[in-house]
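**Student:** Chains as they are written, first to last, in my numbering: chain Y, 1 to 530; chain H, 1 to 353.
Bear in mind the hints are in silico, worked out from the structure with no lab data behind them.
The structure presented is a predicted model; accordingly, all values stated were derived computationally and were not measured.
Everything hinted at is true.
Under the rule of at most 30 Å between Cα atoms (straight-line distance), these lysine-lysine pairs were calculated in the DSS-like manner:
hint	chain 1	residue 1	chain 2	residue 2
1	H	K245	Y	K320
2	Y	K281	H	K245
3	H	K245	Y	K297
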Amino acid sequence: MPPSSSFPPTLLSQASEPAIRKQPILSLRGITRRFPLVLANDHIDLDIYSGEIHALLGENGAGKSTLMKILYGFYRADSGSICMNGNPVKIHSPADARNLSIGMLFQDFSLIPALTVAENIALFLRDLKQIIDLRQVDRRIQDLAARYNLQIRSQVKVAELSIGEQQKVEILKLLLSGSKILILDEPTRVLAPHEIDALYQVLSSLRVDGYAIILITHKMKEVLECADRLTILRGGSVAASMLRTEANEQKLIECMFGKEMPGISRPPEADTNFKPAPILKLHGVTTRGEGAATSLKDIDLEIYPGEIVGVAGVSGNGQKELGDLALGMIPCARGEKRLFGRQAAHLSIREARRQGVAFIPENPLAMASVPFMTVLENLALTRPWRYSRRSGWSMDWTAVQKDAQDGLKKMDYSLPLYTLARSLSGGNLQRMVIIRELGLGPRLIVASYVTRGLDVQSTLAARQALLDARQNGTGVLLISEDLEELFTLSDRLIVLFEGRIVGAFTPAETDFHQVGYLMTGSKAEHGAKH
Amino acid sequence: MAQNTDTKRRATLISQKTANAVLRYLLMLLLALALFGVILLLLGKNPVQSYVDIFRSTLGSAYGFSEVVVAMVPMLITAVAVALPSRVGLINVGVEGQLYMGACLAAWGALTFTHLPAWALLPLMVFLGMLGGAAWAFFPGYLKSIGLVNETITSLLLNSVAPKIVAFLIFGFWHGPMDTNKTASFVPAARLPAFLGTRVDLSLVFALGLLILFWYVMRYTRWGLEMRAIGGNPQAARRNGIPLKAYQVGIMCMGGAIAGLAGMSLVSGYYGLLLANFSTGSGYMGFLISWLSFGDPIGILLVSFLVAIITTGGNLLQLTQGLPYAVINILLALALYIVLAKPTFIKEAKPAR
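Next comes chain H alone, as it looks inside the complex (with noise of 0.2 Å):
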């Protein structure tokens, strides 16, 4: 039958194209490495004991490892909060912004429920971090759904507002008897548990369970199909019948919703208490993240794994090779460069019609 030999042809061109798309990945890696080589070499720096440096202190040991996992689960997380929107095209910069919200929101209330189990504190938590992100969301994603004002812009100006905001409780109201720039320490049911000793905590479990379900929803369900229309042709999504404003409104809120979880993991796993100006461009990270990897649910995986071994290695650096923790933001600028200038290393065949 046709359909048949339809769907053969298509199960080798697409088994074509991951190996090509994985090909294509590890030269512009080596090549975004070499580049960052001929840097460190100007520097007088050796950059092959760098690389080495680099691998040896993530991935060289069990503890290593670990901290590479807790640099890498915020990124995955906020890596998702960006590629959900981005597949109805829209453009989520504010990230950051709504991951403080979350995080103030979640904070609200392991300050507020101390007495509660952790078995309903953690899950409330979740819930108002979700709702303080979402909340935040909320405003670009209804403004661009009347067309009164593009999501990009109103996202990226709200990031500059949440962490004023952050700021005017935690000095005003919620600070800790000691200091002024945090909390107290949250009560211990309010902290997601850790796992094995190490830093790494439940909200891997979060981020990895986030993941899959974004890949089944946009492949499997009726709304991922629905959304996969809308980010393909609107006009024609629109004449056919898929309410454009609804989603448009609905899945900015989940991603600021998603950036939130993002942001009670943080406060509630690795720091255990709310700090102004806790987060240093976890969402501006995600961003890149899910830019590099187009939005693709394995990309964002991998992508996530190699920029947390590239900053966790990068503190290292310092130490070893003395250099300012500032070079590696040089190579991941490098990256996302030669990523978005979509080399072709290898001429694709085209497929026959």
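Chain Y with its partners taken away, still in its complex shape (with noise of 0.2 Å):
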């Protein structure tokens, strides 16, 4: 849903002052961090200002994090420097950040619910004394919230409020304790549209006062509002610097997935006149978010043989819960399921498995693989059946190693079978997933992020053997925040936003800027078909 933000006039237009010509508060040059797989930041330059809302846009992986996180003393930049009022700082433990007045809102709150709103506060104060004086922290906190519109109720157990009140007091909590920069990491992920706006007026005055703001989003359309200065994140580099004057949704869409539009070669396109039955069937789908899941709300989806389904969105828009929800990890609520054209609302994964249905999830450590064990052991955990013999009093190691080996042999991969799946390469722990999934022709694959972590050649094999796979009749839901790769692939797309498909076209009806459009929030220029 898209947040119906307004301001009053007067903030934006003190927000369209530049403030170029003032010394930066802060300023970060040539921030670098790899991670094993991955250059999370590259010569990151950033600058920020008091009386500034600045953010930081970008796709998930795009580095956002990781930057603030050096920010915020998490990580050790392997290179670069922060200078603060143009001094430079060693930045080496959150406490370290604090102590410089950096303050960080998370996405899932740090409070404690068994405390009142007082003394949560009173826990994070740097002055806080031995005998705590809680109708005095209370006198500061009513001070800082008339002031600043963060009105609460400050006696009551945090466990009793909402979550927007309890972001006020994750608020009320930095400023007390004395931070003068504030990152926000999505900070209206979590709230309703009325508490969004809320926040931005609280963050507009905030600006006025002299304090510096960092927001982390995906939603262009707030940023638009109430940003003064954006930066745009891609692959780990800084891919553009701007003013919001100078910004409109177009030209950050193209910085943040890129301009280049991709050489499509489709491929053939299925059969329209004949309809199979489909193998998957959502129907009217709601599921429950627990904790920090998303839930998804009234999914219709219907996958054919032969077919692949794309599905486009910026991760955390229940992308994750499609895919289980594909599997049977979690149920549905409301609605109907069937696989293979029977009902499947309380089918166990092992019968979903047993019946074809292969799994590629987005994160192949946590979600895949158990880490001490062999390769070899791995391939075999999803068909045990398969290989155990004498009723299941041994298992046929040989029978699963001529299988890898054929799997690999067919990929072009090689692995080796014998080490422990710990001490694999994320690539390496990538294509053994692969193999296992995609091997002994399953009848739906449920794939996420694939290629995450493959060099290009590996990458090509697997797209391969997902078009290999729709020839011979196989349905396909891919999962990927990679558009050029759901273009390629995909005969038809959907796009998932906060738990709902807010888009559904063939590749050929649509372009990048529609689907950008939609995976961030925005209306969509020509009326999603849905």
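Please dock the two separately framed chains into a single complex, following the hints provided.
**Tutor:** This is the structure in structure tokens:
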């Protein structure tokens, strides 16, 4: 749901006044951080000014979180420097960051539910006395709350507060502890529309009082309404940096997803005259997202044999849940789910797998493999019935090895089979999962971020394997953040935003821009047919 | 071929690791003994003489050795009752209670079917014992599987319920004509046969058989593979189609059944009757041993043997050194702390990627 923020014109006019003449309160130069698989930050330069809202945009994996975690002292940069008011500083821990009056508001809050608001805030105060004068703390809370419109009942236990109220408490906590630079990591993700408006009012008045605010977000509309300056990251480096007055949605999407249209080599169109029964059919399915999970809302989706259905979306908008729903990890709270023509709302995962569902999850280490088992043992896990002999009393490891070698040969991969999965590189781990899931003719493949961590050649082999499976009548649910991949492989595309399908197209009917708009919660120019 | 070098490298790595592990345990044992020696010194006793006494009284004679084995058997069985659930990530602290319920049901069988011959009665008692233990473990397992309560808490709490039930049955219905706190002696057919005039009985065979079966199942079977997967990464195991909840309930019950077997062995072999509060912490000892040996079958055997020596020899320390039996608990606690602290005496070479 696109937020319906509206700001008083006075705030907007203030916002448009550039602040370049001042010295930046914080300036990052050449920040580089490498993780085993990726270069998360590649020589990033960033200037933050007081009295400004600076929005940090980018896809997941673009390096926003890493950069902010470096700034807040969770990670250390491999190289690069941070200056505050022109003086170089060292930030080696969150405590260092707090001493430099940098405060961070996390997506999942760090409040203690059993304590009252005042107690929670007192815990965070830097000048907390041995004997706590809660009344004095309370007075400080109320003063500040009145000033920034953050009124809160401070004697109430945090457990009783709504998410929006908890966020207010978090902000008060940061302000009272003297933070001057506030980092907000997707603050509106958990909020209702009216709460979003209120939050931006608060941010605007903080800006007027000279606070520097760094806002990490995906939601373009909000950014364009409230930020003063925008920096867009792509693939670990700065793709663009601009004032809000210079920005528009189209420009931002181009910066976030890359300008170049792909050389599309679309697979032969599926025969549209003949419609066999769908492999997977979801009708009006709603799930209950627990904890950090996104709830899927009213999902209608059919996957036919010999068809690749691509799912586009910024991660965290229900892709993981959609994959898990197809596999049977999470139940339908409402609606109908059919697999291979049969009612499947209560089908066990083992049964689904027996019937030919393959599953490549977004995180092969956490969701698909057992680290302390060898690759060969991991390969046997999805089909133990195929390899067990003497009704389970022994395992035929030669058969596992043979299947593995066939699979490796077909994909032209190589893998050490007797190494612990724990010691595989990310790419090899992904290869292991691909071999296991795509071997032996699955009938439905749920594939998330298949090519993540793979080199060019392995990527091509994996894509080819998906196309081959499609040719053999397998249905594929392809979840990806790589629009190019989705446009190249898919017969149909759906776009997920906040757990809903907000667009359904064939790749020919649409383009990167339209999908990009929908992914970020903006209204499409051409109405999405749904 | 790549996989040959792979296998070879793995083999040398494993043998190297085993050697390191043995050395580590020996050093840990020495450290525990040294610390305990300091305590003995502080009490004004001669530690060397104490250790010699322990050694003489246990391994110095055939009788002493047989007594060590007698003490070791229930430890072995209860340790497996903890180790098996631990492989799927369940912490079974409830062995003590499961043992009581197993003993209770087995005793009921022994008192009821007195006319049966031994070849029928003993298997029946084994079955009943295992059933009792399994039933007692079902509740924690089931509550865990539906995500309601942690099995650690529930199984632990049930430990204080089971002995009360047993006591209630004994005091109320089952006590013998001359006693209030124990049943009449079982008929000979309900007694596990003992070997060579010692107090070592058939339960030794149960224990060793169980240990071998445990090792074999974990190492070679399909269920072992699936259980290791659950223990290693429950999330992935579920997505791979392994029925997590069924395993949680089933394995917890199996752990309970094994604990019940230990209870049956104690009443049918060691005591020959059911006594109120007959077990003084066998279940907890099994827990200790299982964790000391990290659930490894060979480790369970070695640690049980060692603990049995210490507890049996400890009895003697009362006589020779005039020490209270409780000091033995100090030694055991020291050993536990040292193992759990995982000291690294040797820097292990990192395996090359």
